[in-house]
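One-letter residues, chain by chain:
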Amino acid sequence: MDALSSPELNAILHQPVRTRIVAYLAARGETTFNELKQALDITDGNLDSHMKKLVSVEYIQSKKQAVKKGKQQTLYCLTEIGSREFENYIETLKRLLSPQFLQK
Amino acid sequence: MWSEQASEQIEAIHTMMASGHRSVRIERHTLILWGLAAAGLILLASAIFTHERFPVAWVRAVTATSFIATVLIVVAYLDIRQIRRNRDHRAESISFVQLQLTKVWWLLVGLIVLINLGMHFFGGGYMFYSLVLILMGLALYIHGLFSKQMLTLAGMMMILLGLASISLRLPFPVIEWLTIFCFGLGWPLLGMTLDHPALNQSLKYRLLFSLFWLSLVILPVFAIYQSDRLKNMPDATPIPLTQYLQQGEQIGMTEEVVTLAAGSTVPVKVELTGDVLEGLNVTTLSMLLSQPINISLQDGKPDGRFRVSDGPWKKYTYNYRIRDISMTSTLDRKQGPQVELKLYISTNN
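From first to last, the protein sequence lines are chains A and B. To convert, take the position in the first sequence, counting from 1, and add 62; that gives my numbering. To convert, take the position in the second sequence, counting from 1, and add 7; that gives my numbering.
The reader is advised that the hints may include incorrect statements.
Said to hold, decoys possible - Cut-off 30 Å, straight-line C-alpha distance, at most; resulting in silico cross-link-like pairs (DSBU-like, lysine-lysine):
no., chain 1, residue 1, chain 2, residue 2
1, A, 133, B, 211
2, B, 211, B, 238
3, B, 321, A, 99
4, B, 110, A, 126
5, B, 276, B, 211
6, B, 321, B, 349
7, A, 114, A, 126
8, B, 322, A, 99
9, B, 238, B, 110
10, A, 156, A, 99
11, A, 156, B, 211
12, A, 126, A, 99
13, A, 126, A, 156
14, A, 115, A, 156
15, A, 125, A, 114
What the hints assert, rightly or not - Pairwise CB distance ranges (calculated):
no., chain 1, residue 1, chain 2, residue 2, range
16, A, 119, B, 102, 24 to 32 Å
17, B, 121, A, 119, 29 to 37 Å
18, A, 105, B, 87, 29 to 37 Å
19, B, 96, A, 139, 19 to 27 Å
20, B, 95, A, 105, 30 to 38 Å
21, B, 50, A, 119, 40 to 48 Å
As the list claims (entries may be wrong) - Which chain B residues stay away from chain A? Per the calculated CB distances, all over 10 Å, these:
no., residue
22, 17
23, 20
24, 24
25, 36
26, 39
27, 100
28, 120
29, 207
30, 212
31, 218
32, 235
33, 300
34, 319
35, 350
No lab work stands behind these hints, which were simulated from the structure alone. Where a beta carbon is used, it is the ideal one built from N, C-alpha and C, also for glycine.
Build out the structure end to end from the sequences listed, making use of the hints.
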């Protein structure tokens, strides 16, 4: 069975850009849109569409933080659901690569 | 096929998590600004603060250090101002870790300025640029631990360059040029390429870039050194010292080469002063040559080029060094007080 259509794998996370976004946030804690864009080296539009998708399933959330001179910046971070689903996704990937599974 | 996809996803996760842990970001302008300023300072300071312009040692030391410190303070101010502007433009704040790293950076730069001042009074100037390479390499390495992996590699390369320049006993001007190219060319290049995705995702590309970076820094220095060596060979035919002395003053003679034969003696005028010495103590020692030496003269004055026996032509600034200096004092009933000064004259680096 192709992994892309495997019912075991989370379809939201099993997308290269979204996997990288969630992995980056898992390590970084919270970050800005610009920093994410630079880390992933993708366009605003592309990142925005994936972020909307991740926000819609409540894997990530945004919050406003005051910066100097009354300016605000938007920070993104993983939600509990997002963290849990990401851990499950990694476990599934590891299982798919385990010798027992490869022998099947 | 799915196992390949799973492997790729795991690798992508590892890469992004490693990138996420490195929360500090060095701005492109930082490396360009500091790099060009450092290279410019090395070129300017050695041209401005010469023995001829500032004959008094402490005046030269204080003036040069004040000039260097002022330029570096201005650079630090411009750098932090631009960082704040960039962050404001992106509606981001400067993280706590980044502020602490900036302080470490400034401390290391300050340490270099202090070492420079100290070396004016206590010697050791031969090692100065090697120390600059090592300390600023350390600054890059520390920054790289929290930001880009490429910076840690660049820092390690600079530290290795600094250590190699001392252990290989490179001539002082070679180390000076190495430092100039490292900052003037290497740092701006690093600043411009640091955000390239390939350098952040693959160790292979980082190593390849490191090789390219090293060759870009080292090859021009090697080219300058070789070109200087080729320029070293005087055209004049060598004449013995006796003939030179008999000739008297030569008018219109621009280039001459005089041979000091093996076994001949060269007087060394020694001047000693000190806080426990009365006035100027002058004495003349004799230096016995073990090999013939050709000395090049330009307009009647030694121009710094010399050749030992049939070896290659060398330059005073590159190949002449006094090392292993030691001074011991004794007092016994037979000889009374005695001060023994030892030093080694080297022409092999």
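- Query: Are the Cα positions of residue 211 (chain B) and residue 238 (chain B) separated by 30 Å at most?
  - Reply: violated, 40 Å
- 30 Å limit on alpha-carbon distance, applied to hinted pair residue 322 (chain B) and residue 99 (chain A): violated, 54 Å
- Message: Please verify that the nearest CB of chain A lies beyond 10 Å from residue 207 (chain B)'s CB.
- Response: violated, 8 Å
- Query: Hey, does residue 300 (chain B) actually stay past 10 Å from chain A on C-beta?
  - Reply: Holds, since 61 Å exceeds 10 Å.
- Consistency of the no-contact label for residue 319 (chain B), given chain A and a CB cut of 10 Å: holds, 51 Å
- Message: Verify the CB-CB distance for residue 50 (chain B) and residue 119 (chain A) against the hinted window 40 to 48 Å.
- Response: Roughly 58 Å apart at Cβ, these two residues miss the hinted range, so it is violated.
- With a cut-off of 30 Å on the C-alpha distance, tell me whether residue 115 (chain A) and residue 156 (chain A) pass. holds, 25 Å
- Item | Exclusion check [residue 20 (chain B) not at the chain A interface, CB over 10 Å] | violated, 4 Å
- Does the alpha-carbon distance linking residue 114 (chain A) and residue 126 (chain A) stay inside the 30 Å limit? With Cα atoms ~16 Å apart, residue 114 (chain A) and residue 126 (chain A) stay inside 30 Å; holds.
- Examine each Cβ of chain A, and state whether all of them lie more than 10 Å from the Cβ of residue 350 (chain B). Residue 350 (chain B) is indeed farther than 10 Å from all Cβ atoms of chain A, at 57 Å.
- Message: Run the distance test for residue 126 (chain A) versus residue 156 (chain A): straight-line Cα separation, threshold 30 Å.
- Response: The hint is violated at about 36 Å.
- Examine each Cβ of chain A, and state whether all of them lie more than 10 Å from the Cβ of residue 24 (chain B). violated, 4 Å
In this structure, the hints that do not hold are numbers 1, 2, 3, 5, 8, 9, 13, 17, 20, 21, 22, 23, 24, 27 and 29, in rising order.
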